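What follows is each chain in one-letter form.
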Amino acid sequence: GENVEQHPSTLSVQEGDSAVIKCTYSDSASNYFPWYKQELGKRPQLIIDIRSNVGEKKDQRIAVTLNKTAKHFSLHITETQPEDSAVYFCAAGYTGGFKTIFGAGTRLFVKA
Amino acid sequence: DSGVTQTPKHLITATGQRVTLRCSPRSGDLSVYWYQQSLDQGLQFLIQYYNGEERAKGNILERFSAQQFPDLHSELNLSSLELGDSALYFCASNRIAGGDNEQFFGPGTRLTVL
Numbered sequence: 062g063e064n065v066e067q068h069p070s071t072l073s074v075q076e077g078d079s080a081v082i083k084c085t086y087s088d089s090a091s092n093y094f095p096w097y098k099q100e101l102g103k104r105p106q107l108i109i110d111i112r113s114n115v116g117e118k119k120d121q122r123i124a125v126t127l128n129k130t131a132k133h134f135s136l137h138i139t140e141t142q143p144e145d146s147a148v149y150f151c152a153a154g155y156t157g158g159f160k161t162i163f164g165a166g167t168r169l170f171v172k173a
Numbered sequence: 044d045s046g047v048t049q050t051p052k053h054l055i056t057a058t059g060q061r062v063t064l065r066c067s068p069r070s071g072d073l074s075v076y077w078y079q080q081s082l083d084q085g086l087q088f089l090i091q092y093y094n095g096e097e098r099a100k101g102n103i104l105e106r107f108s109a110q111q112f113p114d115l116h117s118e119l120n121l122s123s124l125e126l127g128d129s130a131l132y133f134c135a136s137n138r139i140a141g142g143d144n145e146q147f148f149g150p151g152t153r154l155t156v157l
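Order-wise, the sequence lines are chains W and B. Counting in the numbering used here, the first sequence runs from 62 upward without gaps. Counting in the numbering used here, the second sequence runs from 44 upward without gaps.
Hints may be right or wrong, so weigh each one.
Stated by the list, open to error - To give an idea of the interface, some chain W residues facing chain B are shown, with a C-beta separation under 10 angstroms as derived from the structure: (1) H68; (2) T85; (3) S87; (4) N92; (5) Y93; (6) P95; (7) Y97; (8) E144; (9) V148; (10) G154; (11) G158; (12) F163; (13) G166; (14) R168; (15) F170.
To be verified - In silico DSBU-like cross-links for lysine-lysine, where the CA-CA straight-line distance does not exceed 35 angstroms: (16) K98(W) to K100(B); (17) K100(B) to K83(W); (18) K172(W) to K83(W); (19) K100(B) to K172(W); (20) K129(W) to K172(W); (21) K52(B) to K129(W); (22) K119(W) to K103(W); (23) K119(W) to K172(W); (24) K132(W) to K83(W); (25) K52(B) to K98(W); (26) K172(W) to K52(B).
Derived from the structure by calculation, the hints contain no laboratory data. All values reported here derive from a predicted model rather than from experimental measurement. Backbone N, C-alpha and C fix where the C-beta goes; we use that ideal spot for every residue, glycine too.
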């Protein structure tokens with residue numbers, strides 16, 4: 062069945078360093094890959110997404126890359142700040158499908 | 044504020060009981076998704092409705108059921124509750140039925156089963 066694997070489960074970085082979270086999906090029909098950020102006690106919110114016709118997308122300090130052949134996509138956060146500390150979820154969905162499959166999440170700690 | 048509302052915010056009940064969680068999607072959204080998030084766990088997809096019809100099912104237990112009403116709000120019914128059902132339940136909405144668009148999450152309902 063459909064599956065999204067996410068690594069690492071926990072990531073601790075020093076403020077100013079970069080953080081990379083990686084995901085692998087199983088359904089080759091997937092063509093939409095969102096990333097959600099969930100701060101403690103709050104709702105998940107979309108921070109960036111990418112579609113399969115694009116290999117990379119950047120928004121300020123956040124970038125996402127997609128390798129459709131390998132079924133991998135990654136989130137890159139540069140110049141991390143303490144407020145980046147949260148749980149990050151990757152997900153995969155596809156046009157015509159009705160659900161989005163989420164990864165298990167990565168808890169990011171940014172140490173000041 | 045995403046525009047998605049959920050009530051109640053907190054719910055404490057006993058094992059064996061039945062509860063109903065309510066979700067109102069963003070204005071104009073036709074799809075509602077329900078997720079379960081246990082402590083330190085990911086988002087487990089339960090079920091999706093589009094314009095009143097069930098469209099997709101995840102690992103939803105038989106003790107759980109949901110529906111979407113003509114005004115597009117949705118209710119998740121949990122019965123014969125067990126300790127393991129304690130979790131944060133989110134609903135999300137978006138405008139279309141497809142899995143290729145952003146979902147807007149509500150604030151969640153925290154269910155505690157004692």
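Next on the checklist: Can you verify the interface hint for F163(W): is its Cβ closer than 10 angstroms to any Cβ in chain B?
Outcome noted: It holds, given that the least Cβ distance between F163(W) and chain B is near 4 angstroms, below 10 angstroms.
Item to check | Interface restraint verdict for T85(W) against chain B (beta-carbon cut-off 10 angstroms) | outcome: Check failed: Cβ of T85(W) comes no nearer than 15 angstroms to chain B, outside 10 angstroms.
Item to check | Restraint outcome when G158(W) is required to lie within 10 angstroms of chain B by C-beta distance | outcome: 4 angstroms, holds
Next on the checklist: Hint check: K100(B) vs K83(W), CA-CA at most 35 angstroms. Holds or violated?
Outcome noted: 26 angstroms, holds
Next on the checklist: Less than 10 angstroms between beta-carbons is the criterion; does S87(W) satisfy it with respect to chain B?
Outcome noted: Constraint on S87(W) not satisfied, violated at 14 angstroms.
Checklist entry - Are K52(B) and K98(W) close enough, with their CA atoms no more than 35 angstroms apart? => result Answer holds: K52(B) to K98(W) is near 20 angstroms, not above 35 angstroms.
Checklist entry - Are the Cα atoms of K129(W) and K172(W) separated by 35 angstroms or less? => result Cα-Cα ~33 angstroms, so holds.
Next on the checklist: So if I understand the rule, the pair passes when the alpha-carbon distance is 35 angstroms or less; does K119(W) with K172(W) pass?
Outcome noted: Distance of about 24 angstroms is within 35 angstroms: holds.
Checklist entry - Taking only the CA atoms, is the gap from K100(B) to K172(W) under or equal to 35 angstroms? => result 40 angstroms, violated
Item to check | Hinted contact E144(W) with chain B - closest CB pair below 10 angstroms | outcome: 19 angstroms, violated
Item to check | Holds or violated: K132(W) to K83(W), with C-alpha atoms at most 35 angstroms apart | outcome: 11 angstroms, holds
Checklist entry - Close enough to count: is the Cβ of R168(W) nearer than 10 angstroms to one in chain B? => result 8 angstroms, holds
In summary, the structure is inconsistent with hints 1, 2, 3, 8, 15, 19, 21 from the numbered list given earlier, while agreeing with the others.
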